[in-house]
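Number of protein chains: 2
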Amino acid sequence: MYIALLHYPMRNKNGDAITTSVTNLDLHDIARAARTYDVDGFWVVHPAAKQHALIKEIVRYWQEGYGGSYNPDRREAFARLHIAYTLEEAIASIQAQTGRTVLTVATDAFPHAKTMRCLDLRHRLQEDPQAYLILFGTGWGMQAESLAACDWVLEPIQAVSDYNHLSVRSAVSIFLDRLLGEDWFI
Amino acid sequence: MYIALLHYPMRNKNGDAITTSVTNLDLHDIARAARTYDVDGFWVVHPAAKQHALIKEIVRYWQEGYGGSYNPDRREAFARLHIAYTLEEAIASIQAQTGRTVLTVATDAFPHAKTMRCLDLRHRLQEDPQAYLILFGTGWGMQAESLAACDWVLEPIQAVSDYNHLSVRSAVSIFLDRLLGEDWFI
Chain C
-13 MYIALLHYPM
-3 RNKNGDAITT
7 SVTNLDLHDI
17 ARAARTYDVD
27 GFWVVHPAAK
37 QHALIKEIVR
47 YWQEGYGGSY
57 NPDRREAFAR
67 LHIAYTLEEA
77 IASIQAQTGR
87 TVLTVATDAF
97 PHAKTMRCLD
107 LRHRLQEDPQ
117 AYLILFGTGW
127 GMQAESLAAC
137 DWVLEPIQAV
147 SDYNHLSVRS
157 AVSIFLDRLL
167 GEDWFI
Chain A
-13 MYIALLHYPM
-3 RNKNGDAITT
7 SVTNLDLHDI
17 ARAARTYDVD
27 GFWVVHPAAK
37 QHALIKEIVR
47 YWQEGYGGSY
57 NPDRREAFAR
67 LHIAYTLEEA
77 IASIQAQTGR
87 TVLTVATDAF
97 PHAKTMRCLD
107 LRHRLQEDPQ
117 AYLILFGTGW
127 GMQAESLAAC
137 DWVLEPIQAV
147 SDYNHLSVRS
157 AVSIFLDRLL
167 GEDWFI
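Which chain is which? The protein sequence lines are C and A, in order. Each residue of the first sequence is one higher than the one before, counting from -13 in our numbering. Each residue of the second sequence is one higher than the one before, counting from -13 in our numbering.
Hints were generated in silico from the structure; no laboratory data involved. A portion of the hints provided could be inaccurate.
To be verified - Straight-line Cα separation of at most 16 angstroms, EDC-like style, residue types lysine to aspartate or glutamate; simulated pairs:
no.: 1; chain 1: C; residue 1: Lys100; chain 2: C; residue 2: Asp59
no.: 2; chain 1: C; residue 1: Lys42; chain 2: C; residue 2: Asp12
no.: 3; chain 1: A; residue 1: Lys(-1); chain 2: C; residue 2: Asp59
no.: 4; chain 1: C; residue 1: Lys100; chain 2: C; residue 2: Asp137
no.: 5; chain 1: A; residue 1: Lys100; chain 2: A; residue 2: Glu131
no.: 6; chain 1: C; residue 1: Lys(-1); chain 2: A; residue 2: Asp59
Stated by the list, open to error - Okay, the calculated bits of chain A under chain C, using three or more residues with CB under 8 angstroms as the criterion:
no.: 7; segment: 4 to 17
no.: 8; segment: 20 to 27
no.: 9; segment: 119 to 129
no.: 10; segment: 147 to 154
Note that CB positions come from ideal geometry on N, CA and C, so glycine has one too.
Produce the complete structure using the sequences and hints provided.
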């Protein structure tokens, strides 16, 4: 299983298509969670070369610079981070690397027609030899067209709640626990 | 159920007792998660008055300042945030507010003698009229004496993993989902 953090095209609070900036703590928190749950790769997708340079600078500090020697845990976490300009590039790279079809599963705060239950995907991940790429949006989330282009959309995290504004860092952590976490609920 | 984010006495990477600084995104992410899962109160515990002033400034911006009008979701999330100088102060306040005994449940990356399973606490929360306060450490986690002074310690999040370095923001999110989340696993 792979995850991707998307920055374009995202919705702003009015629903317009925007490009969001990279958030330093997204990289740290999500890389650490990905390593904890043994995700095969964490793709940061951003269309701007300058943001790629920023990501590389952050990763380099924690891999080769002082951060890496002070805190080897971060070096290990960032080893699974990859950068792409587009989602298509990330998909092509995973496909080339694994030789498997890549199925895309979006996440959103609301239910969709192609909703898949976390429990179903958890079972598929254990049985199905295909590669699954779970997509996480930033800003106010993914655009309707992007959601429609995915193979599935995961069920919202807390559909019963009257408040659906988790940070993407929280959402990734919770979905990884639901999809790949140990059987704490048995 | 209540949660507390502790900043003293915490361990540094060598195990020494230290006071950690408040991290802005801890307040945001944890307040949003607490609101999503309908936690009764989120206590930020710090011994330094200057850090209290910083927390209040952040909260005020998102409640009364521009942040609150631009993003009312944050205002709602921060409405559940409280500040205390010590854990004892937070406990006394919850006790006075609810008239119930407050049971403390620590969290740690390692198993302990008084470990409680997430599933057991989940059931207790549904049946038991007492108040539960879940404690989260910052830095390299809570000191052994602090853990020993709690009523229980929750099982580690991913005991099967060879990597146990989640951010506190991730850990809080995952524990809230396991303890209070909807029944996605049935």
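Practice prompt. Verify the proposed pairing of Lys100 of chain C with Asp137 of chain C, using a straight-line Cα cut of 16 angstroms.
Written response: Holds: Lys100 of chain C and Asp137 of chain C sit about 8 angstroms apart, inside 16 angstroms.
Worksheet item: Given as covered by chain C, does the segment 4 to 17 of chain A meet the bar of three residues or more with CB within less than 8 angstroms?
Response: holds (count 3)
Item to complete: With a C-beta cutoff of 8 angstroms, work out whether three or more residues of the segment 119 to 129 of chain A approach chain C closely enough for the coverage to hold.
Response: It is violated, with 0 qualifying residues against the three required.
Worksheet item: Are the Cα positions of Lys(-1) of chain C and Asp59 of chain A separated by 16 angstroms at most?
Response: holds (11 angstroms)
Worksheet item: Are three or more residues of the segment 147 to 154 of chain A within 8 angstroms, CB to CB, of chain C?
Response: holds (count 6)
Discussion item. Tell me if the straight-line CA distance from Lys100 of chain C to Asp59 of chain C falls inside 16 angstroms.
Written reply: Not satisfied, since the Cα-Cα distance of roughly 37 angstroms exceeds 16 angstroms.
Discussion item. Lys42 of chain C and Asp12 of chain C were given as a pair; does the straight-line alpha-carbon distance stay at or below 16 angstroms?
Written reply: With Cα atoms ~14 angstroms apart, Lys42 of chain C and Asp12 of chain C stay inside 16 angstroms; holds.
Worksheet item: For the segment 20 to 27 of chain A, do at least 3 residues have a Cβ located nearer than 8 angstroms to some Cβ of chain C?
Response: With 4 residues close enough to chain C, the hint holds.
Discussion item. Check the hint pairing Lys100 of chain A with Glu131 of chain A against an upper bound of 16 angstroms on the C-alpha distance.
Written reply: It holds: about 13 angstroms lies between the C-alpha atoms, which stays within 16 angstroms.
Discussion item. Check the hint pairing Lys(-1) of chain A with Asp59 of chain C against an upper bound of 16 angstroms on the C-alpha distance.
Written reply: Cα-Cα ~11 angstroms, so holds.
Hints 1 and 9 from the list above are not met by this structure, while the remaining hints are.
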